[in-house]
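Protein chains in written order, with the working numbering: chain A, 1 to 449; chain B, 1 to 249.
FYI, nobody ran anything at the bench for these hints, they're computed from the structure. Take the hints with a grain of salt, since some may be wrong.
The calculated label-pair distances, taken between Cβ atoms and stated as ranges, are [claimed, not checked]:
| # | chain 1 | residue 1 | chain 2 | residue 2 | range |
| --- | --- | --- | --- | --- | --- |
| 1 | A | Asp272 | B | Ser14 | 44 to 52 Å |
| 2 | A | Ala36 | B | Glu20 | 35 to 43 Å |
| 3 | A | Ile7 | B | Pro91 | 36 to 44 Å |
| 4 | B | Pro17 | A | Trp52 | 27 to 35 Å |
| 5 | A | Ile172 | B | Glu244 | 52 to 60 Å |
| 6 | B | Asp10 | A | Tyr266 | 22 to 30 Å |
| 7 | A | Arg274 | B | Ser14 | 23 to 31 Å |
| 8 | A | Ile7 | B | Asp75 | 54 to 62 Å |
| 9 | A | Trp250 | B | Pro91 | 31 to 39 Å |
| 10 | A | Gly261 | B | Asp10 | 45 to 53 Å |
| 11 | B | Lys136 | A | Leu245 | 53 to 61 Å |
| 12 | B | Ser14 | A | Ser90 | 46 to 54 Å |
Which residues of chain A face chain B? A few of them, derived with a C-beta cut under 7 Å, are [claimed, not checked]:
| # | residue |
| --- | --- |
| 13 | Phe77 |
| 14 | Asn82 |
| 15 | Leu442 |
We treat Cβ as the ideally placed atom computed from N, Cα and C, and that holds for glycine.
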Amino acid sequence: MHDTPDIADRRDAVCVIGAGASGLATIKNLREHGFAVDCYERETSVGGAWNWRHDRSPVYANTHLISSRPLTEFPDFPMPDNWPDYPHHSQVLSYLERYAKHFGLGEHIWFGTEVVSAAPVGDGRWDVTTRSTGGGSSRVQRYAAVVAANGHNWAPAKPEIDGADTFRGQVIHSAQYKDPAQLRNRKVLVIGGGNTGCDIAVEAAQQATTVWHSTRRGYWYAPKYVMGRPADQVNDRLLRWRLPLRLRQWLYRRTLALTTGDLTRYGLPEPDHRPYESHPIVNSQLPYYLGHGRIKPVPDVARFAGGQVELADGRRIDADLVITATGYTPRFEFLDPALIGADLDGRPDLHLHAFARKHPTLAVVGLLQPDSGVLPLAHWQSVAVARWLQLRREDPVRAAAVQQKESARPLPSWSRRQVVPTRRHWFEVDHIAYLKAVGELLHEMEPAT
Amino acid sequence: MTSYELLRFDDWTSPVPPVEREVLSRLVEGEAEHPPLLFVAGPGTGAWAFAEHWLPHAAGRGFPAYALTPRADGDLRAHVHDLVQVAASLPRQAVLIGHGAGALVVSHALGRYPARAAVLAAPAMDRWATLGAALKANPFGTLRRRPRLNRKQLFGPDVATADDYLARMTFERRLVAPHSRAGLAPVLVVGSPDDRVVPRKSLDRVAAEYGGAPLMFPGMAHALMLDTGWAEPIDAVLDWLTKELTAVD
Numbered sequence: 001m002h003d004t005p006d007i008a009d010r011r012d013a014v015c016v017i018g019a020g021a022s023g024l025a026t027i028k029n030l031r032e033h034g035f036a037v038d039c040y041e042r043e044t045s046v047g048g049a050w051n052w053r054h055d056r057s058p059v060y061a062n063t064h065l066i067s068s069r070p071l072t073e074f075p076d077f078p079m080p081d082n083w084p085d086y087p088h089h090s091q092v093l094s095y096l097e098r099y100a101k102h103f104g105l106g107e108h109i110w111f112g113t114e115v116v117s118a119a120p121v122g123d124g125r126w127d128v129t130t131r132s133t134g135g136g137s138s139r140v141q142r143y144a145a146v147v148a149a150n151g152h153n154w155a156p157a158k159p160e161i162d163g164a165d166t167f168r169g170q171v172i173h174s175a176q177y178k179d180p181a182q183l184r185n186r187k188v189l190v191i192g193g194g195n196t197g198c199d200i201a202v203e204a205a206q207q208a209t210t211v212w213h214s215t216r217r218g219y220w221y222a223p224k225y226v227m228g229r230p231a232d233q234v235n236d237r238l239l240r241w242r243l244p245l246r247l248r249q250w251l252y253r254r255t256l257a258l259t260t261g262d263l264t265r266y267g268l269p270e271p272d273h274r275p276y277e278s279h280p281i282v283n284s285q286l287p288y289y290l291g292h293g294r295i296k297p298v299p300d301v302a303r304f305a306g307g308q309v310e311l312a313d314g315r316r317i318d319a320d321l322v323i324t325a326t327g328y329t330p331r332f333e334f335l336d337p338a339l340i341g342a343d344l345d346g347r348p349d350l351h352l353h354a355f356a357r358k359h360p361t362l363a364v365v366g367l368l369q370p371d372s373g374v375l376p377l378a379h380w381q382s383v384a385v386a387r388w389l390q391l392r393r394e395d396p397v398r399a400a401a402v403q404q405k406e407s408a409r410p411l412p413s414w415s416r417r418q419v420v421p422t423r424r425h426w427f428e429v430d431h432i433a434y435l436k437a438v439g440e441l442l443h444e445m446e447p448a449t
Numbered sequence: 001m002t003s004y005e006l007l008r009f010d011d012w013t014s015p016v017p018p019v020e021r022e023v024l025s026r027l028v029e030g031e032a033e034h035p036p037l038l039f040v041a042g043p044g045t046g047a048w049a050f051a052e053h054w055l056p057h058a059a060g061r062g063f064p065a066y067a068l069t070p071r072a073d074g075d076l077r078a079h080v081h082d083l084v085q086v087a088a089s090l091p092r093q094a095v096l097i098g099h100g101a102g103a104l105v106v107s108h109a110l111g112r113y114p115a116r117a118a119v120l121a122a123p124a125m126d127r128w129a130t131l132g133a134a135l136k137a138n139p140f141g142t143l144r145r146r147p148r149l150n151r152k153q154l155f156g157p158d159v160a161t162a163d164d165y166l167a168r169m170t171f172e173r174r175l176v177a178p179h180s181r182a183g184l185a186p187v188l189v190v191g192s193p194d195d196r197v198v199p200r201k202s203l204d205r206v207a208a209e210y211g212g213a214p215l216m217f218p219g220m221a222h223a224l225m226l227d228t229g230w231a232e233p234i235d236a237v238l239d240w241l242t243k244e245l246t247a248v249d
């Protein structure tokens, strides 16, 4: 169409956006399937969210994994087995750096380069406009496919709270929380009952003078260890035995009753949903500090008034630091929202949360909130993407057949979890059901023998 | 045929316990242009067996060379785990080279680690064929509760230190088990038609499964890395690797 000489044609090469965990796995697996890859990374090093040097990294000094090591590592590049059950974020970064070096991925990455736009040109190919992060002129190159691995935990979702300008204290998003020293000797209100909110509430309990923890609803707070084993490993045992959901929910309640115990005693609301119906929250220390009175549970925040924070029940608290641990929104500024089927809220509609429904050469990797680590799922997603692009190139007829079959696959077959319908659960998947669905797709794409 | 193993309940619910692993190495000065090699033999034969000749020889030809001693009393799963752990700890994507029952460990590891390439040397991967050959060559040793291989099975007639080597080896009940195949790495099978542990037919069968024919070194016994003519098979392996890896790029 607009074949101007300015556009450098990269022919069969694939453009990967982002060199975090998902992007690295995508580069590696595309390379293994015989593709040339250009990866663009706006930072100057690998690791994405896990690289604390990056401006947009959400990690704080004491971030540790929430899922245990075996459920978090890449399936074909294990973390050292003498590492702890729940490694520290700096270990995860060194793991990703070693992965990149081990597979020689660095030579395919353009650091300090931002993708401004990726637009389809017809025939399934893409014009990708890139620019140096420091500014300067942009450049357009044509690719056979685009894989976005840009992460979804870097654009803070900040709640709109009325009267914020009247508040005397400081309001920060959890993304700006880095170091426990920020909490020392202050009166801290943490908003949000996710894993980050709970982690920060616990750190505040160790540092601050007073800590309030505001949650909108009651949650199931699971301990990190059950019977001396990481809780997710015990949970997977139940899944392996294929216990029905109802029975697992009953066991979950029993286990929590015996470990965490009844949290309504401390003033937390009763969960308004069954176990497994919200993203798992794993924190052994929260109940401990509730029991010591160091964390005071409070309801939702209504507004700021009179320089204080007013709660939904009308009470006012005199906090001087408010940390909103209210999560992140996915952002794909370089893509027209229609390409990924995004609705007005910005929620994309992708097959397996990965494949654009109307654009067979556009995929997203890592856009998942599983009840395990993301890395194993992102690995298999990227294998499926690589295999799909390979099949499309080598056997278009079969590729079309696979596409037709997959497009008829109902959503509940791979995202069967019944969850509380909030933004936080847009990409919630059950790792077993999800991996099974990806496995079936890979099986369909096997060469006929 | 590639097979994918997405659900790994064993690893997720009861990870293999960590151990101190013995890894011997002969490295190359400066930045190596070739990928690292990681050798492993069957249970009972330590890294030392490769350190005698093959590791220094490979390093001399520019390949950083490592060898792993399989953990004592480990099962196949533990041995595969150890091999993958060591492979992932190396600076670059490694070539896995398994000898004897170590070839079985390598064939399983290929489903867990994307090796650059793999070599199965005198692979004891074919249960009944291996048992038959062992019975023929050494009926009493084979039928013991803890089987033993003898000098004639393992070495040619003129290996002076054969008895020393034999004294350093132990043998497990599990000599062989069925294997699976996965991964995209090119695989080479090497062996000897005069091997008294792994019969010729078995070599052909294993090689055919990986879509090739075995590379043969007539006159050599089972312990290719310790037998008098040890240089020949390792040179052939390194030649194949050099050719195979440059063809890829």
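Hint check results:
no.: 1; hint: Asp272(A) / Ser14(B): 44 to 52 Å; verdict: violated, 35 Å
no.: 2; hint: Ala36(A) / Glu20(B): 35 to 43 Å; verdict: holds, 42 Å
no.: 3; hint: Ile7(A) / Pro91(B): 36 to 44 Å; verdict: holds, 38 Å
no.: 4; hint: Pro17(B) / Trp52(A): 27 to 35 Å; verdict: holds, 31 Å
no.: 5; hint: Ile172(A) / Glu244(B): 52 to 60 Å; verdict: holds, 55 Å
no.: 6; hint: Asp10(B) / Tyr266(A): 22 to 30 Å; verdict: violated, 39 Å
no.: 7; hint: Arg274(A) / Ser14(B): 23 to 31 Å; verdict: holds, 28 Å
no.: 8; hint: Ile7(A) / Asp75(B): 54 to 62 Å; verdict: holds, 57 Å
no.: 9; hint: Trp250(A) / Pro91(B): 31 to 39 Å; verdict: violated, 49 Å
no.: 10; hint: Gly261(A) / Asp10(B): 45 to 53 Å; verdict: violated, 32 Å
no.: 11; hint: Lys136(B) / Leu245(A): 53 to 61 Å; verdict: holds, 57 Å
no.: 12; hint: Ser14(B) / Ser90(A): 46 to 54 Å; verdict: violated, 27 Å
no.: 13; hint: Phe77; verdict: holds, 5 Å
no.: 14; hint: Asn82; verdict: holds, 5 Å
no.: 15; hint: Leu442; verdict: holds, 5 Å
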